[in-house]
Amino acid sequence: MSSENAAADEEAADITRSGNSFLGDLWVNFVRWNIKAVRNPFVLVVSLVQPIIFLVLFTQVFGQVAAGAVNQGAADISYETYLVPAICMQVALAAAATSGVGLVNDIENGMFEKVLVSPMNRTAVFLGKTAAEVVRIAAQILIIIGLGVLLGAEVETGVVGALGIVGVGILFSFWFIALSNTLAVITKDQESTIIGANLLQFPLLFVSTAFLPLAVLPGWIQIVARFNPVTYGVDAARAIMLGRDVMTVIEVTAFGGIYDTLAPAVAVLLALALGFGSVAVYMLQRASSANVQ
Amino acid sequence: MATGEPSGTVLSLAPLPSSVTDDAIAAEGVELTYADGTQAVRGIDLTVPRGEFFGFLGPNGAGKTTTIKTLVTLLRPTAGSITVNGFDAVTEGRAVRETVGYMAQETSIDPELTARENLRFACDSYGVPRSERADRIDELLDLVDLADVADKRADDFSGGMKKRLDAATALVHRPPLVFLDEPTTGLDPKARNRLWEYFRRINERGTTIFLTTQYLEEADALCERLAVILDGEIVSAGSPAELKREVGGEILEVNVEGDDPARAEAAEIARSVELFEPGATVEVTENGISVTSERARSKGTDLLVALRDADIPVTGFNVRAPTLDDVFLAITGEHVDTDEGAAPVDAVAADGGDHA
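Line order of the protein sequences matches chains A and B. With the working numbering as the guide, the letters of the first sequence map in order to residues 1 to 293. With the working numbering as the guide, the letters of the second sequence map in order to residues 1 to 356.
Rather than coming from a laboratory, the hints here were simulated on the basis of the structure. Glycine is no exception: its CB is placed at the ideal position from the N, C-alpha and C atoms. Check the hints yourself; a few may be wrong.
Pairs of lysine-lysine residues, derived as DSSO-like cross-links and limited to a Cα-Cα distance of at most 30 Å, are as follows [as the list claims (entries may be wrong)]:
#	chain 1	residue 1	chain 2	residue 2
1	A	K188	B	K152
2	B	K190	B	K152
3	A	K36	B	K152
4	A	K188	A	K36
Just the calculated beta-carbon pair ranges, DEER-fashion [claimed, not checked]:
#	chain 1	residue 1	chain 2	residue 2	range
5	B	R130	A	V159	34 to 40 Å
6	A	R122	B	P129	19 to 25 Å
7	A	L23	B	P49	53 to 59 Å
8	A	R122	B	S298	57 to 63 Å
9	B	D155	A	V159	37 to 43 Å
10	B	K152	A	F42	37 to 43 Å
11	A	F62	B	A134	53 to 59 Å
12	B	G186	A	V31	56 to 62 Å
Among chain A residues calculated to face chain B with C-beta under 7 Å, some are [claimed, not checked]:
#	residue
13	N20
14	V28
15	K36
16	R39
17	E113
18	P119
With the hints as constraints, model all of the structure from the sequences given.
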């Protein structure tokens, strides 16, 4: 009898453990969102098309003029080389903008609630989804770098540098992923989420150092560009691409070379990710407790 | 099946903590007020013994879904205590989530995934051991008759197929207690019957079921015991038979040609012929009269004969089982509309101008 009870207790312990671990929960969601991404090649392709058009048209149409503005008597950099880091950030921005759409879909088809009523760790659920988006962003940035090289761009820091640019792109995407999900939770509407994020994309890109150096931009744009996250993402990626300090918004000389750009840029991007991330987490927590309707 | 498990244990009870009492659900004084001040649930006491098929009956907006979401930890009660499978729903939320299955009112599946992938995700969500996963998925696909389309994407499924898949995903971890929130709303009768059959099967295997519905016939067909909720409060509880007894039997509706006096005379005859038991009620309706009686069926023709003898022209008649509205009418004395909300408005209008 007592051994039976012990067995029952053991089984009881089993069900409270349920075999879930944080990493396991993360993995399960990572897999689900990757399957969904592969099932929807349309989204993958569309978020690449616009940046590729930008890359090709800008270099062909503005290449001659822009190269002069970019070089300003200094070393001879092709506009292709100058532009590729910016297009990499554009890709990150475009992919991040669709993150909230996935969340809205989940809310609409009941999967959001289904996940909430399961014993999965809610943070792991969200991180798994984000990880799948990050993988997509990494793949897309690599495609852009490859295409850029084919068009004549040069990555001064080589393969390691290319991977570094991918890393910057991922770090840069976090604040916009967070913003997109915040929009999703607030609007609970696909169109509003995608339009909201898309409306922001182009002004953000143009009012930054993406296409031209800070020095040749008009005065008011220079001021706005200093507060634009895109400037920090592009400058960090560009420093790696060109193999030298390119940042003029925050002058740092303590680290030497590209690290004079990377250190302040990464610090700003981390702060942005934390700031916007906290808001998104707060909004998600609120949505997942009292207001599940 | 492939593991050689006896088929009787396909959906057997999951092991529960030894602290568990005989009750799957024990709730006391549960209240829930939304942020906007809406009091959706106002002090509900509920006890559901293990193994019971329990029905929670009420019209739209009565608080059924809010109650169920509170029991499965999606909502935090404003007041009161809830114990589910022996765990406190507020302080041991995760343990509650591990030991219950929940099928939401809206079909909840990922349409971009196949049926099998949806079930696999559910298995992984609930930590079903990898070694058992494939077998369990096959069993459930068989059980809900989706084995043929297991590898098709769910957005190609019909409404009924989606519902069945949704129900299967709620059972992957073999929960001892399953919550079904209006599982058949919007389904055609054939799909509804199929789901009923399926719910009966899992209940027969020992699973406690908590089902909400706005259809009395559904509660009647499935549930051993019912609670009726109205405006966030339980207004009545008992077996389906007991509830119907509160209504006082079946309803005989007789259409009478002519104006008010003709209908009043018909009602007078129905009351005086002593065909029906003393508790029976007779009402004048828009088209004639309505008799609620245990003998509505057996004595109906006698009433028709009596009306003919009195030269009251009968244009039609109908004997029907009591509906949810009849139950509410018996319990609260008020009509409750189960669908659009038009009836209560009419009722107010008919009362005259007292209401501001």
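Hinted contact A:R39 with chain B - closest CB pair below 7 Å: holds, 5 Å
Interface restraint verdict for A:N20 against chain B (beta-carbon cut-off 7 Å): Holds: closest Cβ of chain B sits about 4 Å from A:N20, inside 7 Å.
Proposed interface contact between A:P119 and chain B, which counts if any beta carbon pair is under 7 Å: holds, 4 Å
Proposed interface contact between A:E113 and chain B, which counts if any beta carbon pair is under 7 Å: holds, 6 Å
Beta-carbon spacing of A:R122 to B:P129 - inside the hinted bounds 19 to 25 Å or not: Distance hint for A:R122, B:P129 holds at roughly 23 Å.
Status of the given 34 to 40 Å range, CB of A:V159 versus CB of B:R130: holds, 37 Å
Pair hint outcome, A:K36 versus B:K152 [Cα-Cα no greater than 30 Å]: holds, 14 Å
Whether the CB-CB distance between B:G186 and A:V31 falls inside 56 to 62 Å: For A:V31 against B:G186, whose Cβ atoms are near 31 Å apart, the range 56 to 62 Å is violated.
Verdict for A:L23, B:P49 (Cβ pair) under range 53 to 59 Å: Because 39 Å falls outside the window, the suggested range is violated.
Cβ distance range 37 to 43 Å for B:D155 and A:V159, holds or violated: holds, 41 Å
Chain B contact restraint on A:K36 - CB to CB distance below 7 Å: holds, 5 Å
Outcome for the supplied range 57 to 63 Å, where the beta carbon pair is A:R122 and B:S298: holds, 59 Å
In this structure, the hints that do not hold are numbers 7, 10 and 12, in rising order.
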